[in-house]
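Sequences are here, hints too, so could you generate the full structure?
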Amino acid sequence: MKSVLLIGLGRFGRHIAMKLNEMRHQVMAVDKNEQRVNAVLPFVMNAQIGDATNKEFLESLGVNNFDVCIVTIGDDFQSSLETTSLLKELDAKKIVSRAARDVHAKFLLRNGADEIVYPERQLADWTAIRYTADHILDYIELDSDHAIIEIAVPEKWIGKTVVEADVRKKHGINIMAIKRDGKMNLNFAPETRFIPGDTILVLGDTKNIQKCFHI
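End of the sequence shown = 215 in full-length UniProt numbering, gap-free, step of one.
Since the hints were made in silico from the structure, they are not lab data. Watch out, some of these pointers could steer you wrong.
Restraint ranges, calculated between C-beta atoms of paired labels, are given here [to be verified]:
1) P42 to V103: 31 to 41 Å
2) E155 to I49: 52 to 62 Å
3) H146 to V103: 15 to 25 Å
Predicted model only: the values in this text are computed from it and were never measured. Where a beta carbon is used, it is the ideal one built from N, C-alpha and C, also for glycine.
Structure representation (structure tokens):
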């Protein structure tokens with residue numbers, strides 16, 4: 001269980017609060033909009049109405065007591081930048097800030113952010129890949145060159161073992177898990193044979209994955 005300071009309670013921030021609650025983390029939520037704060041009350045340990053660009057207000061929250069501070073302000077980059085900078089000044093342990101564009105990310109990283117999230121771009125990438133290939137079931141971008149993809153086992157692999165498919169040697173791709181009958185198996189044997197309906201979780205260079213599965 002971790003303690004999280006969540007700043008910015010628009011749709012993205014609200015969904016993060018809900019997921020963190022589901023994962024049983026302790027969340028302090030902050031927004032200057034009372035209606036937004038009230039909307040997340042069922043999902044957080046505590047909530048405050050206030051301006052995160054105000055140093056005294058942020059200081060009153062005990063920023064350095066949280067394991068991670070997440071800044072999800074999406075409609076005002078100046079406020080996001082100021083908040084990120086103040087969190088750094090107040091010795092926040094870890095700062096994750098939302099960015100819409102690369103130029104925003106550069107400024108945020110220079111002014112205190114430890115990591116950046118691009119919700120719109122990441123969702124756009126996922127949508128584009130997921131819905132232009134019928135056999136892709138999920139997609140997680142790790143960086144600009146690598147991804148984890150859940151994909152249906154190619155028909156030509158049916159009846160073959162993991163060793164016989166040999167994707168690691170041929171394409172530099174790692175099979176992380178085999179999903180069968182809705183159950184994910186991460187401890188499969190190399191001799192496991194693929195059957196119709198199987199899906200696999202693969203990790204590797206995105207270009208290699210695209211080449212291997214003709215995406």
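Taking the hints in turn, this is what the structure says about them:
Between P42 and V103 the beta carbons are some 37 Å apart, a value that agrees with the proposed interval 31 to 41 Å. In this structure the supplied range 52 to 62 Å holds for E155 paired with I49, their Cβ-Cβ distance being about 57 Å. The supplied range of 15 to 25 Å is met by H146 and V103, whose beta-carbon atoms lie about 24 Å from each other.
When the structure is compared with the earlier hints, no violation turns up for any of them.
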